[in-house]
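Working from the sequences, and respecting the hints, build out all of it.
These protein sequence lines map, in sequence, to chains A and B. This note's numbering puts the first residue of the first sequence at 1, with every later residue one more than the last. This note's numbering puts the first residue of the second sequence at 1, with every later residue one more than the last.
For the record, the hints were derived by calculation from the structure and aren't laboratory data. What you are looking at is a predicted structure, and each value in this text was computed from that prediction instead of being measured. Do not rely on the hints blindly, as some may be mistaken.
Not close to chain B: a few residues of chain A, all C-beta gaps over 10 angstroms, as computed [as the list claims (entries may be wrong)]:
{"no.": "1", "residue": "6"}
{"no.": "2", "residue": "10"}
{"no.": "3", "residue": "24"}
{"no.": "4", "residue": "25"}
{"no.": "5", "residue": "76"}
{"no.": "6", "residue": "79"}
{"no.": "7", "residue": "81"}
{"no.": "8", "residue": "104"}
{"no.": "9", "residue": "111"}
{"no.": "10", "residue": "132"}
{"no.": "11", "residue": "134"}
Here are some, though not all, of the chain B residues that point toward chain A, as calculated from beta-carbon distances under 10 angstroms [unchecked claim]:
{"no.": "12", "residue": "29"}
{"no.": "13", "residue": "56"}
{"no.": "14", "residue": "103"}
{"no.": "15", "residue": "203"}
{"no.": "16", "residue": "207"}
{"no.": "17", "residue": "211"}
{"no.": "18", "residue": "301"}
{"no.": "19", "residue": "326"}
Every residue gets a Cβ at the ideal spot worked out from N, C-alpha and C, and that includes glycine.
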Amino acid sequence: MRRPGRVGVGLVLCALALLSAVRQQTWQDERRLWAGAVAHSPDKPRPWINLGQQYARHGEDGMADDAFAWASVLAQRPSRSREEQVRAWAMADTNRAILRMQHGEVTAAKALLIPVIARTPYQTPQRVMRWIEQGSPSVSPPSF
Amino acid sequence: MDRTGIAVGLAALVLAVWVYQPLSRASVVYEDDQWLQGSAAWTIPGRGLSQWTATIVGLDAGRQHLVNVGLHLLTGGALGLVAGTLASPLAGVFAAAIWWLHPLNVEAAAYISARGDLLVALCALLSVWCALAWSRHGAVWRLGMLVPLLAGAVLSKEIGVMAIPLTVMTLLVLGRRQPYTWLRMALMGASGVVLGLAWHRILSWVALNPDEGGSVFAWPQFAVLQLTALWHLLALIVWPVGLSIDHDTIGLAAPWTTAALVGSAAAVVAALVCWRRRPIMTWAVLWLALSVAPRFLVPTNEFLKEYTLYPAWLGLAVLLGQATAWCWTARPRAALEPLGVRA
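What follows is the structure, encoded as structure tokens:
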């Protein structure tokens, strides 16, 4: 073989194409996309919140609640940034409250929202609390 | 360039079409929905052009994906032109092939909201190619093309404003026609106009508070974290395993920060040492540094992501194209002939 480099270059380009094809498949399925993000960044709250949102979208409320609850725990760890400690925690617990509201657990939903509204300036938890008080059932957990 | 090189370029293009073709059936992801429903605001710098392309294509996700894929393929072609001008035609073929097929670029191609980064990369590359071609071969039309191309970059995304200093830098480091002071002056004047028009917005970005999207970290800490994010993403060019829509920069271990600081120092030294003998290396380092500079100067609550690195690693892709072309043509046994080994 006079130019073994050609074989190497060909193999590298084919490997890149295969990896891109696999990655592109992941981008076609949002749940797989966020599951991959969770696998890659297990200590970051946002991928867990968005994975939970995907579970909720597919009707897997138990899995969704677990994901939101874990995001809430992660967000409050001292190693996370102050922004995550406040925003991610607020979003995770708001989404948990929405799930409870969808199952008619109004008191549990309010119990989750009250500390969030007291400690953060965000509008989403306040809006969700209004929906709960008005008895609006058609809300789904937003992404973060 | 031999026929095999052309065949490899065509094969890479066919592979890239094969890789991305399924996106024509994909739906929207994450913030795409919100982005597609936005309306074009023509601010300087801004995202008017990106948003306009979304508006004219409509709400069909498949068509929107195909626009992104088309822009990605065009960007690879433009990179091939620039690398072909700076290094060799074969280096251009391989730079384009690597760009089309590298999995780090999948996020920019598959995420409709990343349209701005694709347009910035394409416009910046074509601007640089026109400026370089003019500096080497003349023809005023190439200079004339600079105006719409740079305007395209500036109107595609805020970071597109860096296309102007990138073009000036390319002429300074690699241009051949000397002196062309008036062109540099004109481009610097254009930078001044854009900065003047956007001054208030730039000041407001720099002073963003955490509730409005600013960073919670003090600037030096933010800069070190951003540098760590940058090197973590650059490592994915060499070993593209661990790609993610959401990297955990804050959670990266301390060795990453050390590697980022050492790597940055080494890159500065390499750029200085290579300035005369291998200016293309200096150019690639400066391209990366200028492209990410605004992301260091404006502390936001987001660190670099895979799609935001898209326009920044174009310079490195030229180096990779050159190295791959060398591997392609190298004949190791021929080098051993003086030692008695038959080729």
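Taking the hints in turn, this is what the structure says about them:
1. A cut-off of 10 angstroms between C-beta atoms contradicts the statement that residue 6 of chain A is not in contact with chain B; the least separation is 6 angstroms.
2. The claim that residue 10 of chain A lies off the interface is violated: its Cβ sits roughly 8 angstroms from the closest Cβ of chain B, which falls inside the 10 angstroms cut-off.
3. The beta carbon of residue 24 of chain A is not kept farther than 10 angstroms from every beta carbon of chain B, the shortest such distance being approximately 5 angstroms.
4. The beta carbon of residue 25 of chain A is not kept farther than 10 angstroms from every beta carbon of chain B, the shortest such distance being approximately 7 angstroms.
5. Consistency note on residue 76 of chain A: stated as away from chain B, and its beta-carbon is indeed over 10 angstroms from all of that chain's, at 14 angstroms minimum.
6. Consistency note on residue 79 of chain A: stated as away from chain B, yet its beta-carbon is not over 10 angstroms from all of that chain's, at 7 angstroms minimum.
7. With a minimum CB-CB distance of about 5 angstroms to chain B, residue 81 of chain A fails to clear the 10 angstroms threshold, and the non-interface call is violated.
8. At the 10 angstroms boundary, the C-beta of residue 104 of chain A stays outside the reach of chain B, the nearest C-beta of that chain being 29 angstroms off.
9. At the 10 angstroms boundary, the C-beta of residue 111 of chain A stays outside the reach of chain B, the nearest C-beta of that chain being 26 angstroms off.
10. With a cut of 10 angstroms on Cβ distances, residue 132 of chain A stays outside the contact zone with chain B, its closest approach being about 24 angstroms.
11. Under the 10 angstroms C-beta cut-off, the non-interface status given to residue 134 of chain A relative to chain B holds; the minimum distance is some 25 angstroms.
12. The interface hint given for residue 29 of chain B is met, as the beta carbon of that residue sits about 5 angstroms from the closest beta carbon of chain A, less than 10 angstroms.
13. The closest approach between the C-beta of residue 56 of chain B and any C-beta of chain A is roughly 23 angstroms, which is over the 10 angstroms cut-off, so the hint fails.
14. The restraint placing residue 103 of chain B at the interface with chain A holds, with a minimum CB-CB distance near 4 angstroms, inside the 10 angstroms limit.
15. Using the Cβ-Cβ criterion of 10 angstroms, the hint placing residue 203 of chain B at the interface with chain A is not satisfied: the shortest such distance is roughly 22 angstroms.
16. At a threshold of 10 angstroms, the smallest CB-CB gap from residue 207 of chain B to chain A is about 17 angstroms, leaving the interface hint violated.
17. Hint on residue 211 of chain B holds. Least Cβ distance to chain A is approximately 7 angstroms, under the 10 angstroms limit.
18. Given hint, residue 301 of chain B at the interface with chain A, holds; its Cβ is 5 angstroms from that chain's nearest Cβ, closer than 10 angstroms.
19. Satisfaction of the interface hint for residue 326 of chain B is found here, the shortest Cβ-Cβ separation to chain A being roughly 8 angstroms, below the 10 angstroms cut-off.
When held up to the earlier numbered hints, the structure conflicts with 1, 2, 3, 4, 6, 7, 13, 15, 16 and fits the remainder.
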